[in-house]
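Here the protein sequences line up with chains A and B, keeping their order. Going letter by letter, the first sequence gives residues 1 to 216 in our numbering. Going letter by letter, the second sequence gives residues 1001 to 1389 in our numbering.
Hints are computed from structural coordinates only; laboratory data are not their basis. Every residue, glycine too, gets a C-beta built ideally from N, C-alpha and C.
A partial selection of chain A residues facing chain B, derived with a Cβ cut-off under 7 Å:
no.	residue
1	Asn60
2	Leu63
3	Thr64
4	Phe66
5	Pro199
6	Phe202
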Amino acid sequence: MTNPATRSLVVVSAGIGQPSTTRLLADRLSAAAERHLVDAGVEPRVQVVELREHAQDLTNNLLTGFPSPKLEAVIDAVLGADGLIAVSPIFSASFSGLFKLFFDVIERDGLAGMPTLIAATGGTARHSLALEHALRPLLAYLNAGAVPTGVYAAADDWGSAGIPADGSLVERIDRAGRELAVAMVAREPRGAHVPFPEPIPFEEQFQSPKRRPDRA
Amino acid sequence: MQFGIFTVGDVTPDPTTGQTVSEAERIRIMVTVALKAEEVGLDVFATGEHHNPPFVPSSPTTMLGYIAARTERLQLSTATTLITTNDPVKIAEDYAMLQHLAGGRVDLMMGRGNMGPVYPWFGQDIRNGIPLAYENYALLHRLWREDVVDWEGRFRTPLTGFTSTPRPLDGVPPFVWHGSIRSPEIAEQAAFYGDGFFHNNIFWPNDHVRKMVALYRRRFEHYGHGPADQGIVGLGGHVFMRKSSQDAIREFRPYFDHAPVYGGSMSLEDYMEQTPMTIGSPQQVIDRTMGFREFVGDYQRQLFIADHGGLPLKTVLEQLDILGEQVVPALRREFAALRPSQVPDGPPIHPAVRASEAAHGSAAGDPPTGEPSVGAATPIETAVESVPA
Chain A
1 MTNPATRSLV
11 VVSAGIGQPS
21 TTRLLADRLS
31 AAAERHLVDA
41 GVEPRVQVVE
51 LREHAQDLTN
61 NLLTGFPSPK
71 LEAVIDAVLG
81 ADGLIAVSPI
91 FSASFSGLFK
101 LFFDVIERDG
111 LAGMPTLIAA
121 TGGTARHSLA
131 LEHALRPLLA
141 YLNAGAVPTG
151 VYAAADDWGS
161 AGIPADGSLV
171 ERIDRAGREL
181 AVAMVAREPR
191 GAHVPFPEPI
201 PFEEQFQSPK
211 RRPDRA
Chain B
1001 MQFGIFTVGD
1011 VTPDPTTGQT
1021 VSEAERIRIM
1031 VTVALKAEEV
1041 GLDVFATGEH
1051 HNPPFVPSSP
1061 TTMLGYIAAR
1071 TERLQLSTAT
1081 TLITTNDPVK
1091 IAEDYAMLQH
1101 LAGGRVDLMM
1111 GRGNMGPVYP
1121 WFGQDIRNGI
1131 PLAYENYALL
1141 HRLWREDVVD
1151 WEGRFRTPLT
1161 GFTSTPRPLD
1171 GVPPFVWHGS
1181 IRSPEIAEQA
1191 AFYGDGFFHN
1201 NIFWPNDHVR
1211 KMVALYRRRF
1221 EHYGHGPADQ
1231 GIVGLGGHVF
1241 MRKSSQDAIR
1251 EFRPYFDHAP
1261 VYGGSMSLED
1271 YMEQTPMTIG
1281 SPQQVIDRTM
1291 GFREFVGDYQ
1301 RQLFIADHGG
1311 LPLKTVLEQL
1321 DILGEQVVPA
1331 LRREFAALRP
1341 SQVPDGPPIH
1351 PAVRASEAAH
1361 GSAAGDPPTG
1371 EPSVGAATPI
1381 ETAVESVPA
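Turn these sequences into a full structure, and let the hints guide you.
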């Protein structure tokens, strides 16, 4: 049974390096969201997914049409979550191919209404609008509910030689985490994902043939 | 239980030689495989239907009619007949005609087809795939059961006072399967009519196949056709055999690595682990196939894919020999020993076929009697009631 006072949060990071800046940002966002969930009297259950670990399975799923058992468990966790944090490095003016691959193999409508925090990392601030022209439209297409604040972190945001970071990244992380927590608490818990729902009964989805088949 | 071969009819280069057969050769290979299937004691040959290269079988009843004339016992079927883009009137006519020519040795499997561009070539739209499958089959079902049909629907010209000819042989329509890999709606449709449900059981993991068949069985019972374990279920299977499993894997690997569907994805070993594909010794194929009944229950028809992916004809015929000599006899024995008595031991057979078998004493697996069943006199009084529609 789903406890109304708990919410599940899945963090999807498409970072490449280990450790990666993308994962670092994902963890900060997750911590902020957890803090605000606890403040709202809700117990967060957090699962972090490193897409890197599923890169081969994602490609295979794209080609064969079915996920490996390991990848299926991850997809089910995301589709059954109460909130999602999706973080990608910005490559060639957009999210990475690995990041997109994940959203390509999950079922259509699976993320509908899902409170989602989008975030990205990149070398310079010049790529920051990739959040708004790439990640946000992708999530909008999937009918996910991306919160207003997206968080982009460039190298400078972590501080550069001799110049400490100005603290605005920390503020943005906190604001985004709060927005996500509020959206998650506002919704009923989703409950576990049912990968194989019952079909609509034959009679209801089609005007029944004039008479039933002869076989009794 | 019935065992047989199903074929896609792909023209694929042999990756080990780079050679590609001509369409003429490919068609001849399909026919040769069908004749061989009967020769080695298999029960069924089912052809695919495709309307785009690299596939050749666009006209299944032409091919099956030819095979019917050259065989005596082989059940002729499809995998699948496109219920979405074919006119159901033409399906009703073509397969009734085939039934007459083949002495009732005909059933067919409905499928939707998954290539978007094929639909508009036939005036349809892939986004209507399920509604087309539902509406067209509802009409086909009536055309075979009602002598005069008035009909109006969404996708086809209305019919007023229409009679599909010839009427089904002895008034008994061909048995119908509905095949689907991933659409629960099709399992639901098969259950509604009390028809058979077929899962190709090749590309997807066991657990998915299990859920589709379980859904069909549950709904079969819901619609009052009998207990869930008496639904009519068929499965595909993908096997390649040599005496030793190492030899089988070594020989088949290039065909796997370059296959149109899964080529370039995971390794052969991983694919075998995650799907029902079995490349190995005959005994491994027997064991794995017996394992199917553990996740779908006792079932009625097992088809294997044999000629595909550029495999040379000689190799394909060797595979059929192994199936006929070693694998299928063992499977018949083991399935029969485990099957509870209330579960049907095969799909419904046309009364004309049963009468012909009784007359010639040639039950499945026995050597052919030499007397052609095509055009053989059929006792009409045995028809109708005994075969579930």
